[in-house]
Amino acid sequence: MSRFLSPGRWLKWGCWLGTLFMLLAYLAWQLPQRHWSSSITAAFPAAADWQRDVLADHNASRQLRLVLTGLDAETLAQVATALQQNMLLPSDGVAPAVLSWITPEQQLAQLQAYISRTAGLLISPTAQQQLANGQYAQLTEAGWQRLFSPVPFQETALPQDPLLLSQQAIETLLASLQQPGQQLTAAGGFLTGNSNGQHFVLLHAQMSIDPFDTALAVPLHAALQQQLTKLQQQYPALRWYHSGVLFHAVKAAQRAQAEMSWYGGLSLLAIVLLLGLVFASATPLLLALATLTTAALAGLAAVVWLFPAPHVLAFVFATTLIGVAIDYSFHGLLAVQQGAAFFRRMLPGLSLSLLSTLLGYAALLLLPMTILNQVAVFMLTGLTVAYLMVRWLYPAVLQQGGLPVSAVARRCATAIIRCWQRLTLRQSWSLLLGAAGCSGLVFLSVYQFSDDVRAFNQPDPQLKIHEQQVQLYSGQSFDNKFLLVSADNPQTLLQRESLLKPLLQSWQQQGVLAGWQAVSDWLPSQQAQQQLQQQLQQAYQSVVFSRYFSELGLAVPAPISQWLSTADLPDFLAQQLFQPKAGLGAPPYVSVILLRDARLDAAQLTQLPASANAMYFDPVADASARVAAVRQLLLQGLMLAVAAALLLLCWRYGLRQSAAIALFLLVAVLSALNVSLLLGQALTLFHLVGVLLVVALAFDYAIFFVSGLDTEEVQLAVGLSALTSMLAFGMLAFSQTPVIAGFGLTVLTGILVAVLTAPVLIKIGVKE
Amino acid sequence: MNNKKPSLLFVLALLISSLPVAGMGTVLAQTSQQQALTAQAQLALWQLPAGRFEFQQQKWIRGLKRPLQSSGYLQLAQDSVQWVTEKPVQQQVLLNKQGVQQQLGTELKLQPGSELIGQLMLAVMQQDLAFLQQHFVLKTAEDSCVQLQPLKAPLTGFYRYIALCGKERLQQIELLEVSGNRSEIKLSPPQAANTNQVAGKTQ
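The listed protein sequences correspond, in order, to chains A and B.
Anchor point for the first sequence: position 676 equals 676 in our numbering, and the numbering is continuous, going up by one each time.
Anchor point for the second sequence: position 76 equals 76 in our numbering, and the numbering is continuous, going up by one each time.
If you are wondering where the hints come from, they were derived from the structure by calculation, not from laboratory data.
From the three backbone atoms N, C-alpha and C, an ideal C-beta is built for every residue, glycine too.
Any given hint could be a false lead.
A short, non-exhaustive set of chain B residues, derived as facing chain A with CB atoms under 8 Å [what the hints assert, rightly or not]: (1) 65; (2) 68; (3) 85; (4) 91; (5) 93; (6) 100; (7) 110; (8) 114; (9) 116; (10) 117; (11) 121; (12) 152; (13) 153; (14) 154; (15) 177.
For reference, chain A alone in the conformation it holds in the complex:
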């Protein structure tokens, strides 16, 4: 009773409650302000570069396309109009409108305005050649043909461009953008078409928000789905397909969040059941829950404090905190039951265990990968808090012998220990060496690594169907591969782009490139515009042109002095020009050349002229290369951490035991990786992250088994901890995201092997 009422006890309770309250207050203040990220690619670059920044700003990821079909043309038009009107999400006065529809009429108006500005300043390559070669008759012939065509044209420019050269150049450019089989018609705010006798409407929209910002993307996605569902109730035959990063980002975020709550919840339930069965009391349950909650809140607060955009996936991995922190909890609970002396003898083991685990997770901080940095911060903080609670709070709350442990649990622990004690020292070493050798041989014969980021996330099959259907209706889009040209000013940029044209044409003729869209095709540099004007003014004096002007009744056009600039460009071209943020070696101006169906090999890419200052950029290949580099770093960091931990153990327990622990770790790690490999999975970076955790937990087990404590007590704590961890990580193995599943399977197998083989270290630790 006196112990219960002691001031020290109340002080500790007060400290804990105060900390808990501060954490809750901080999170309640900060969390609503934070935008959670769910992009796999956003997780990678800690040291981002300008190429990635440029493409992140590229509007393609903020656009979405919708295809409506299943109804007659007239009804479809009504549905499309209703959707456009209902989904107009107006500006709230602070932020711009979330979604705006891109209408073909807007684009046409912009294009027409641009065409009227290009008179006398733009020419097609064929006409340019004819002009340079003095083939004036061919130019006037083409002018007559265009004038007599029944198709309406932009007549306002006729006095400045009587040969209609700019109009013909634009028509040639538009024809090059036309894709085979694509038949779309602009019709009042959207495009319509007919595919296999089925009418369809194609809607195009632009988002002002980042699709990976779940706080904004999820409500937009929900509003769109709600509108579509409502329209389908009204028109049951209506079918729709959508395409865009938004749908994938929201799906990934929802899946990650569902998995996080599902696996976290199940793991927690398993712990509750285990504690209930083993201790038959609510006290350890409440204490363990308090430990886990405080540790998780502290971890979350640290991540929110240090990272402006916490990543959802980081918290999926961070559910593993439950597994490691509960290990400390079990050791604390069982040690307190044995008395203060036993608890004090347990503490060095617990501290060493924490130190080795922290060393492992600290290695993640060195990696240039935000998601792993966040996992590291979460785990370092959470585990430290869990350790402090076990160390300071448990002895104050629990009394010696106050919690009788289930006899069944004790019998199981004793049986396992006795089983291992039957082995001789030689047999123990042989077993360890044999298992390490076998695992090593299997690993060396089947190991393969893959850093392809496309395999990291399994796209939703439904979304894949939607994407394919939209592609079918709307035609082939540009590749996710680009040519980036950089320069100090826009004029040099346009000149450099022009230098690439012969090569692009050559690639097109070789069949390795179907098409491209470059700004300089539409907007020649000022130097090129001036040169064209000079050539034209010279040609206008020729007999052929004089006759042409006379037959049309037009005067010779006056020289033009107002040049076209980037400010005149229509939106669809302007969005290919960028001014990257300063720093990171970014050039002042960058243009993106969009490529269609590019199949370029390394040899072809070496043909890029150095004077064009251009680079080929494939974001997927780039991200994969980065992941490969991170994997190498992680491997090095892991080996460094293991070496440091082994040296620590060598100093504490001696060479022989450290060697045994090293072998034991090797068996656990290689067995874990072999299971994934034998199941046909290639090892990824995330398998290595799993290895990191296996190493951290296996070190824990090893340290407690060699620390000279009552082996049955150690087995009981380690067994209970391993069981809960396996339940938590076993769940992750069923994740729909391949990287999480790979991580889960590795940790599950690793812990299973570690907990089954750890008692062999007891025998090795005893001197004969």
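Following the hints, put chain B in place on chain A, whose structure we already have.
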């Protein structure tokens, strides 16, 4: 009370005065309906059979003092119209539901975004009532003409109206563009086609 009296009177006067207007509205609606029916009947009579039709075109382009004259023939098939200009320059344009394929140099190239123009030209030549009614208000006009006024974008951005004229057969097509350009296309029946007509670039 005094203040309310004039208001009440005003409302009554408005109601009374609106009665004949409402009646006139009904009459106007009936007239438009009748006009549309007459126009439809007229168009149905002018259905052109597949075959070759000589044409003469006069095109008034804003900025040019004189109209441009050309001649050639239209080869009308079930799903396409071949527009061949023979004089003063040789030129070929293929119009079908896929759009307008225009001669660029020696090649025929599909002009992107021209699908509606292609469909429109085909519908005008073939008097495709379903298409025309979907995109235009049809009404009868002077000189045995049927005037087609575009209903919605993007056609409203291209044409002010299209007039189809004739007596027993379609004889003339007039296209007035929003820009002010005007084309007048005179069609000759296949039998009466005068292939020896001289056409100059300008008058």
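Now the hints, each set against the structure:
no.	hint	result
1	65	4 Å, holds
2	68	6 Å, holds
3	85	5 Å, holds
4	91	4 Å, holds
5	93	6 Å, holds
6	100	5 Å, holds
7	110	6 Å, holds
8	114	6 Å, holds
9	116	5 Å, holds
10	117	6 Å, holds
11	121	6 Å, holds
12	152	5 Å, holds
13	153	5 Å, holds
14	154	5 Å, holds
15	177	5 Å, holds
Against the hints set out earlier in the document, no violation occurs for any number.
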